[in-house]
Structures are given as structure tokens and as C-alpha cells.
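Participant: Just so you know, the protein sequences line up as chains R and S, in that order.
Going by this note's numbering, the letters in the first sequence line up with residues 90 to 828, in that order.
Going by this note's numbering, the letters in the second sequence line up with residues 90 to 828, in that order.
Derived from the structure by calculation, the hints contain no laboratory data.
Take these hints with a grain of salt, some might be off.
Identical chains share a label here; the pair holds if one copy fits it or two copies do between them.
[Claimed, not checked] Under the rule of at most 25 Å between Cα atoms (straight-line distance), these lysine to aspartate or glutamate pairs were calculated in the DMTMM-like manner:
# : residue 1 : residue 2
1 : LYS704    : GLU562
2 : LYS563    : ASP672
3 : LYS144    : ASP219
4 : LYS270    : GLU679
5 : LYS563    : ASP233
Protein chains: 2
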Amino acid sequence: MQHLLLAAVLVSIAGAAGAEEILGFNAAESEAQRSLEADFDAQLSKQDMDAWLKKFSVRPHHVGSTAGKENAMLIADMFRSWGYDVEIAEYEILLPTPITRELELVAPSSFTASLEEDSLPEDASTSVRDELLPPYNAFSIDGDVEAELVFVNYGRPEDYEILERHGIDVVGKIAIAKYGKTWRGIKPKLAGEKGAIATIIYSDPADDGYGAGDVYPKGPFKHASAVQRGSVMDMPTYPGDVLTPGIGATKRAKRLRIKDAETITKIPVLPISERDALPLLAAMEGAVVPPEWRGGFPITYHLGPGPARVHLKVKFNWETVTAYNVIATLKGSDFPDEWVIRGNHHDGWNHGAADPLSGLVALLAEARSVAELAKAGHAPKRTIIYAAWDAEEPGLIGSTEWVEHHARDLKKHAVAYLNTDGNSRGFISIGGSHVLERFFNQIMADVRDPRMDISLQDRRRALLKLNAKTDREKDEARNRADLRIYPLGSGSDYTPFLQHLGIASANMGFSGEGAGGSYHTLYDTYEHYSTWRDPGLVYGEVLAQVAGRATLRLANAPRLPFEFKGLADNIRLYITELEELADKRRKDIELRNALIDDGTYAAALDPTKTLGPPKREESVPHFNFAPLKNAMDRLQNAADAYHETVAAGAAPSPEVNEMLYSSERLLTRDAGLRGRTWYKHHIYAPGFYTGYGVKTIPGVREAIEQREYDAVQEQVELAARVIDRMSQRIESIVAMEAN
Amino acid sequence: MQHLLLAAVLVSIAGAAGAEEILGFNAAESEAQRSLEADFDAQLSKQDMDAWLKKFSVRPHHVGSTAGKENAMLIADMFRSWGYDVEIAEYEILLPTPITRELELVAPSSFTASLEEDSLPEDASTSVRDELLPPYNAFSIDGDVEAELVFVNYGRPEDYEILERHGIDVVGKIAIAKYGKTWRGIKPKLAGEKGAIATIIYSDPADDGYGAGDVYPKGPFKHASAVQRGSVMDMPTYPGDVLTPGIGATKRAKRLRIKDAETITKIPVLPISERDALPLLAAMEGAVVPPEWRGGFPITYHLGPGPARVHLKVKFNWETVTAYNVIATLKGSDFPDEWVIRGNHHDGWNHGAADPLSGLVALLAEARSVAELAKAGHAPKRTIIYAAWDAEEPGLIGSTEWVEHHARDLKKHAVAYLNTDGNSRGFISIGGSHVLERFFNQIMADVRDPRMDISLQDRRRALLKLNAKTDREKDEARNRADLRIYPLGSGSDYTPFLQHLGIASANMGFSGEGAGGSYHTLYDTYEHYSTWRDPGLVYGEVLAQVAGRATLRLANAPRLPFEFKGLADNIRLYITELEELADKRRKDIELRNALIDDGTYAAALDPTKTLGPPKREESVPHFNFAPLKNAMDRLQNAADAYHETVAAGAAPSPEVNEMLYSSERLLTRDAGLRGRTWYKHHIYAPGFYTGYGVKTIPGVREAIEQREYDAVQEQVELAARVIDRMSQRIESIVAMEAN
């Protein structure tokens, strides 16, 4: 009775929103922590964030640029001024920048692409062009080619299957692909594998130009001259400096020769604007594209090949530049050897207001507030490391080199890595290691939407409820206590932490209401951001509240807030998906083969058109998923046992906390994934043929998707084994703490 | 044993394709009939059809035009020359033709729409403009209005729901709607009901212009200047002459005053081209349209209202013109009072090569061949009436007036009505009374595709197999012995026969491979047709084979080939659909109301945008479908009994044949449908708010769809009663023949 009474009192003290005990804190500790967080919030200033955003975005500041270095030094100064120990971690990295970019239509008419973005009178920043990198795709090889165009839609594997059904291949041709649907680097990778000699990537106005909404400066969408820059390095093989895979690109590191760097593209690639793309596409003939391939130009799209013939020449300065990571450390008062790392990159492709500065200024605001708390006697119990990464844009290079360089220490000391990148507004979106699902749900429940009087969790749940399509989605949106956090693929600096080292990681941001077309273009300016994306940085401040809570709770929790029931439930879902994937493919292929064999395709297709039946495909064998399911059941039991017997218990020993935070490492294997050994994590990886998009239990999933059926069983065993290791760890903790 | 042996012999004689006994014929009769059909086919000449197509399409030939009358007389001459008794059935009908058509953008910029279609050097017909009717919508009222534009997408009920969620209405505004998705007449009808003062209908290039494929003359799709003409008469209320509903528009018929004709629109309406629409849409502002509303123009589409403001003036010559139906009769040798009617209209909006002449020339070829057979001693046993209708385009007027005029005789004598209209190529498509499902399946199995060595039925089944989405569709495509024939809504001359009189009807044509954008435009020429649609009239000849077989079998069958199992199976499907419709709406509304009530919409929608939550809606009560299901079971039993005990029996008495062919009448009620008494059929009707699209069991379905829940139960009873009457008829036949 006394106990219940106490709980009731605490509830009323903590208030409605924060009634629940924080994972890893007891009731009294929770109250203290929430009080600390209120102080933390009070020090955040969106006005300062806005001023910083303006200041850092005043000039183009890519890695290797004057402004990039100056920004890094300014950031370092800020951290120092707040009391942090600051190191500038420098790496010498290969960075190709354009010398020559030429693209001409040479037949049947002639046109020379401008390859330039317009300065706009309405946006002064677009006239600030010192050291401006023109539109290009970093890590394209040099090339000088001329050939007919083939339109490959988004350049995905399924797009080539349609072309094949039309009797069209890209051998010796130049593939022209739309941006979108898949990470850009996949487009030249796959086109090259299919025999194309170059790839042009353009932004179709249907996707993020006038088709999507009013274009800049009238609205947020892509200006006709805008070009999305971006890396085409083969990041799904390994990110970071192309010459130093697996090791830090220090001055004296042993480097590959450029020609041996397997993440540089095999064919030249150039991104172009809507304005430059239209004359090329309008000059194409051949079969009319399938309805779902149409874009937003006022033309009939054709597949080619030709008669549009283009000459493409790109030549790059393959230069070594210095990347400046700013590493700011605030030593933990109680557990200095346990590191909570919080990062955001500082380099942009141009002015980079949204990407990355909108996230970086949240990090800076957090860091200042944390420092203020420390000065007021509330130093974090664990060490907090703030990182402002350089060279993220060309391929997560700054973070990857630092992680590779400090791999041993990080494996030992890193509790978690918390990432942000460009921010927008709308709904909180959190991806990460599923051991943090419960942890982040508490934070989402504690932080309120700045425009509506509801928690971030409630607002996101409303979105899920409204958008739910399947019965499972509807049921989950309404009834699942925790919202799922999405599994991480790639696309920002969490990748080396999570996927190379197995450090529990998360990525946070707001999205859903600030859509636009400025990404990686000249128009990602302060003016654009503060007009269209998050005016006044209202959601930027809330991002700082979210990321700040995550950092402080991880830093201060007596028991590290790792929780395994969410992990188990998500892995169960992934295993179900794998079974469904295999079953669906088997059924689809059997049905399709039957329709090929009985002449249905031949009878139903228009004999006057080029579209033929698909190719017959090998049937999908049945796989033994039992090892995964057994591993799953064991994990579930272990997670339940931890939850019921331990999680709410007293502060554990440091040894147990280390066992908790290092548990994510057990989901990795040193040998890495099949065909890409840099990627060690066996639950999360970017897709080898999708890029940023995640593949969960990637060994199994990709073996099925890529029709390497002989490899599936081994991958099932390997995945089961890492899950078993995690279970064993949890069982050990339970056993230790039960004693 | 002897019997089996005989059957085997017959099979081998009849050959593989035509092995089965023809419904209504015994084995020997089937053989004779098939032999007759071979002779019939031999007389068809696609060269002649092609020549006729060219001849009749040389000038614009709408009702009331010189060429229209001349074509009628030429057609009459042809019939006469082949030995038919020919009557020109004349009706005096109201036909508005344009005096003034003006459309200007008056703010924020100015633009005057040309409202003209270009003559093309590549198509000589497009320069033949004698008596050319310019683009207009027949039966728009006169009007002279100026107001802001509101973009209403396709102008369907659901489109207005979206506008309402944006806080936009059309009261006092001009609605601009895309052509497509719903019959054009619904657009001004609904816009008027919603308070708009005019409607502009335009052809979006995404739908049948450059977005769909290469445009004329490079390809078949809609030229930038092309305008789809068409009637906007409220045909779902009643078709035919607007002044003489229910009676023939003879010279002395009693007529309504124009102002009392309820099928004339309430607001003025004008169709325009892509070229004229672009400046209007480009001048609009307001919220950006939902993604699924976007069209193919290179602009951002906005909802308005305004600032685009237009002045629209239309004035018509409300003239009475003469419609010339050509009625050609070949008296039946055995049953002259049983009439098989076969029709196609002859009037076009312009040159009308595809619509209607491509179907008409098939009818003419059939008629000549039938006449040749008669001359060779194979006169049809029943009377065949060929009809070339006038004034179909402005509102099924020629056929409707004739049907109304001769209603009593037709109810008594008409065995069936067989319709064609514009033809294309690809897959046979047959809609009609379900009592003819088996009948038409035999024909589809007997006629072969002209390009592939398979039957029309097999080719269509291949299409269904390939396109099947749901499990039911997949199962049916593979396993249902007969392909379903689609239920008829409206859109051609079968409507008065089927829906006003209850004469079993069918509509036949090829489609699926001759897509284009010439429909009701200046570009529906011989040149367009013979280049893009059915070059050489290869499928035109096959259409004649199909329609000719249908005509000859109905004319010659000792037992009329009506069959009720197909009817029962289809009605069962419709009843299931009604139950699913009610259940789905109930579930959807409950879910949506819950999401409104619990604040989900408010929480999930972007507070900076205009889109608000939907309106709360009354829940759907549970209905008692038992009367329909009981009627259904009785029908199924009756159909089974007829099939098992009678259908294969000896030739029945004329009385039984009359009971068979008049059975469709029992599905009508003299009182007609609720709110539109002209429509008598209780299984098939065009949708009151969808137009041409069919609504099966329309009384029940539309009461549910239009939220008139109090009316549902009565409609269930009425539908059950007509089905019961059909069952009773079948039971009577079974009883009579069993004796």
C-alpha cells in the first residue's frame, strides 16, 4: 500500500506528461532528470540557432573549401568557449572536383547543356559563388564518350527488366535516368553492369519540380536550372575515403592506388537539371515508355535507343584535401570511459542551409545547453562527445575515417551514437537500433509538438493511423504501445558507427511538412530554408529537445536504457517478412512462368508493339527458416526475462552497463557481409542494389532478392548465430543480476 | 452407346473449333448453321468496308447536315440494292448548334481561347470543313457569365469532397474540369448542383494527349488543338429528344417547352482543347492540387478560386432538325413476327470515321452477306431488322425516338437488339444481357483472332489472366468456363431497347490496342483510323463475323439461345457486391468518424495548409438483403432446372420462344427507377452520377451510394420482385416443356 501511495505521489509531482519512470532511472532519479531536462530546454534558443544557420550558410562550404575550413574553426571556437575539450581531427582524403563538364546533344538536332544553376534576384545567397562546386557527381570516373541515349526510368533492376522485354539493352549506350526511388549511386553502378558507357541523371519535374508544387522562389520545389549534386561512390560496398577502406585516412596511412579503389564508378556520370534534360528526352524516339515511367515534361517519353545521341565529357581534379572533423568532449563525472557520441556533419554541397546546417545548429544549441548545465553543477555522468563531421557529402568520409581510426577505442567505450542531419518540420522521425525503441518512445512522449498541444509521439501516431493501409499497420498504429523506430540503412554519419562497429545508433529529424526541391542544389540557402522549410527554426529547437534528451539520458542513466523486447519484436517482423518475401517470389514466379508457358503473354500482348513476355525465371526453392525462428524464440525469452526481472532494478554494476551497451556489437561479425566485408552488422545494412534504403537481415534478404538461392541457407545460419549471441548476452546479464 | 458414337462423329465433322452444339440448335442443325456461317464469312469484304468507311467519312455528317442526310440515303440505297425493305424513319428533334462561343481569360492576364481545331497538311480530311460543327457540348444552355475559376479535377462527387476539405466551393464560380473518368454530362450536372455558374471541360494531355503517347499526326493521341465534342444532355434521366420523353418525336408529337426540358443543362458548358486550357490553368493560384489530381501540363496545378477569371459566352441555335433512321428489314421465312434487330448509328460529330462508321461498315457488310445467303436460299427464319441510326451523338436520339415510337410492337416482337458503334482492334469486348452470356461465349470460341491462331475467347481470356488482380479475378480468368459479358450502362443505342423496353441487348466491339485521342474531334478521320486504329479493317471484318453470327444464330435457332445460369451467376455476384458495398462503406465511415472524433485528422494534417479533416458522416445501417438472396436462390434453381431438363431439348413451340425472348421484359417495371421513370430495367442502368458507367441492381446500389439509406429496403424488395418474376417465367417454361 505504501508503495502504491508513493507511486501516486510521484505521478502527481512529475506531471501528466512525464509521469512514467524513465528507462534506466528510478522514480526519484526520473524526477531529477526531468527537472534537468527542463533546465536544458530553457537554454535552447531558436534565435541563436537561426543566427548560426545564417552565418554558416553564407558561403559554399564543401570539404576542401575555404569556408568549410573556416566553419570548422568557428565551430571549434564555439565549443571551446563553452568549455569543451576540442580536437580538430584531420584526415587527408581523395576528393575529385570537376575540371571539365560537357554535355551536348549531337543528333538528331544539336543542343549544348548549360550545366549551370541560375542566380536568383529573390535569393541573394544564390549569387554568392566563391569556390562554388558546379553540379557533378563525386567519384564518377573521368570519361569522354559519345553514344545514343536509352531512357532507363529510375535505373533500378526492375526498370532494366522492362527494357529487356522491349528488346532494348544499354550496351554501348548512355543511360539517362531520373533521380529518385533509389540512391543515386545505384544508377551508374547498375547501368555500368548492364554495359552502358555513361549515365546521365536528371531531376524530372514530376518528382520534385513543378509537378510536385510551386518552384523556387515562388514555392519550395526545384528550380528548372537546379541540379542535385551528390556522391556516386559505391557506398554499399564501403563508405569513406576511397583509398583507405577500413583504416583512418591519416597522413601516413597506406593508400590504394586510385585505379584499385573499387568504390569509384566504372563509367562516367553527370547530373543535370530539368532544363538541360528536356531537349535530350524530346529528341528520343523508339517505343513509348510504360505509363508508370512517364514524367512531368510536356512531351511523349520514349525509350530509345536514340536517335538522340550525346557527347559527354567529364574530367576531374583527383586531389587530396583535408577534412576537418571537430570533436568536442565533455568528460563524464562518474563514468568518463563510457562515451555518448552525438554528431552532425558541417560540410555542405553548396550553402547547405538545410543539409547539414539545420541539424548542426540544433547540435550546437544542445552542446551549449549541456555545457551550461555542467557549469551549474550538473555535469553528465558519462562523457559526451559532440562531433561536427566534415566530408559527409562526398561519402560519409569525415565520420568514417574517424571511426576507422579510433575503432578499437570506440568499440570499447562508445555507449551509443546519436545522429542528426538536415532537419525539416512536421513529424518526428527516428531510426535506429531497436534496443533503443522504448527509450526513444519515452522521449517522443515527453516532448511536445511546437504547433499543437500534443506530444511528438501522439502526433506521429496520428499520422500512422491516418496513413495505415494494411490490417497490420492499422492495428499497430492504434494498439502497439511503442511506435516502431525505423531500421537504419545509410545516408548519413551513423553508418560507420552502426554498421562497421556495431555501436547502437540513432538518427533523428522532423519531416513530412517541409517538402521541397532544394536538396544538394544551389538553392539550399538560408533564404529557402527560413521561408519554406522551418521558418524561425521552430522544429529545429524541438529537434534539440529530442536529441538533447537522448544524449542526457544516455549520459546520466544509472542503468543504460537498452531494452530487448522491442528488438525481439522487430526481428520477429523481419523474419516474417523474409518468409513472405520468399513465398511471394515463389508464387509470383510460378504464376508468371505458367503464363509464359501456356502462351498467355504471347496471346495478350499487342503484336504491333515491342513489349514481349518476361523471361522465364528459376523457381524459388523452399528455405529452412527454422534456425532463425529458434534464435528468435530464444531472444524473445531472454528479452522477456530481462524486462521482468532486471530492467526496473537498481543501478547495475559498470560491468553490466558495459555488457548492455556493447551488446549491439554482437550483431556484427568481423567477416562482414558477403561481398562487402566492411559492413559487419547482420541485422541492418544499406541495400547493395538500393543504396540508402535499409535491408534488414541483409545476408538472407539480399540472397533471396538477388536470386542467389544457394547462399540463403548459410546466411540464415549466420543471422541466427548473431541473434543467439545477443540472446546469450542478455541471459548472462539476467543471470548476473539475479545473483 | 449409339448416342455417344453419334456425338463423336459429329464432333469430328464439325471440326475442333466448332465441335460444340450451338445453343438452341441440335447437332445436325449446328452443323448446318456453322456451314451457313462459313458462307456468311466468305462474303464479307474488308476491302469494301474500307471503301465505305472512306466514302461515308469524307465530310462532316452530323444529324441535320447535308452529308448526314446524304449518307442516310446512300445507306438506304445499299440496303435496297441488296433486297431489303427499307424505311427512312424520320423524327423531328431539337438540336442546339453553336451561334456564339467565346472564352477569354480576363484576369490576372488576358488570353482569348481560339476554340478552333487545326487543319493538318498530313490529313486532308481535316481541311474538309463544310458544315463542320465547331467544338461544343450539345444541350448546354445559353449563357454569358464571368467568374473566377475553380479546378474540380474530373468533376466527380469525390472531387468536390476534396475541395470541401480545402474550404473551397464553386458557388458563383466557373468549374474547370478534366475530361475523363466519368461521363462528360455529369460534370456540368454536378457543378451546377454545387452552385457553379458554368463549366469548362478540357482534355488534359496526361490523359489522351502527349502524356499517353505520340500525338496526331505523329501518333494516334490527341492533337493540342483537338476538342472532344459531345452531348451533355442529362441522359441518366432520359435520353432521346429532350422535348418528347417517352414518345416518338414525330411531326405531330406533343412537345415540352424548351424551358421545361429537364435534360438540358442548368448551367452553360464549353469543351476546350489542351492548347486553350493551359493559359487558364497556368493563371490559377490557391492551394496546390492533391498529387492524384495533377495532369500533364508543365505547370503546378492549383485549386483556385481564381485569380484566373474568365468570361464565357455561349449561345445556341435551338433548331428542330430531322433525324433519318434507316430501317432495313428482311422478313423471316418461318417466324416473321419475331424480330432480331441489329443497329449502329450513322451520324458522327465530324467525319466520324471511327465513331460510328467503323462499326457501321461492319453492319453493312453483314447485311449484304445475309442478303446474299437469303438469295441463295438461306433466308433467316426470323425477321432481321438492320438499323442505321441518326442523331446518336447528341443523345441516342434517333434510336430512342424509334423505340419510343414503336414501343408496343417492339415489346411484342423484338427477340433481341445487337449493337455496335466505333470499333478498334485488340480484344473482343461484349456487354449485354446476361441471358446471352453462354450464347456469346460460343461465338467468341468459334471466331478466330485475325492476327493470332487462337479464338477470340482464348485471346480475351489471356488478357484477363494477365490483368487479374484479386483472387476472384485470377480464379475466374483461369477456371470460369464462360467469360463474363459486361453489364450495359449507357453510351450507345442499346439503351432504349434494353433499359426502356427490356429487350435483351448486346454491344460488341474490339478494343485494347487502337488507343488514341481522336474521339469526337476533327481528327476522327479516315486517315487517322486507317493509320492508327484498325488499318485495313482487319478487326472490322472480324467484328462482322461476331455480330453476323449473333444475328444469324438468333434468327435461325430453333430454340432461342437464352440461358439463365449465366444470369443467375452474375446477379449473385451483384448481390454480393451490394453487401460488400454496404459493409465497406459502413466500415470506412466508422473508421473515418473515429479518426475525426479522436483528433487524428487534426493532429496529422499540416496546420500551415488548407486541407482539413473530412466531414463526419452518418453511419450506414445494416440492411436486410434476404429478399434478394431468396430471389437469387429461386432464380438459380429455376436456371438449373431449365438447363438440365429443357435447354438441350427439341425445338420448342413458338409460345415458348416468345416466353424466352420476352423474359428480359420481366426485369423491368413500368414505374421505372426512382427519380427517373424512363429507365425501367431493374438490373442494369447508367449511373445517375457516373453517366455511361453501369450500375447493376441500380435501385439498391444508388440508394446506398447516394446515402439515401431509408430507400434501400424498398429497392431491395423491388429488385427481388423482378427477379422472382423472371424465376416464375423460367419455372413456367420448364413446367410447360416437361409436360
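Participant: Now look at each hint and say whether the structure bears it out.
Facilitator: Hints versus structure:
1. LYS704 with GLU562: Answer is between; shortest inter-copy Cα gap is 24 Å, intra-copy 34 Å.
2. LYS563 with ASP672: Classified as both; 23 Å inside a copy, 18 Å across copies.
3. LYS144 with ASP219: Within one copy only: 15 Å inside a chain, 71 Å across chains, cut-off 25 Å.
4. LYS270 with GLU679: neither (27 Å within a copy, 35 Å between copies)
5. LYS563 with ASP233: Answer is neither: 53 Å inside a copy and 51 Å across each miss the 25 Å cutoff.
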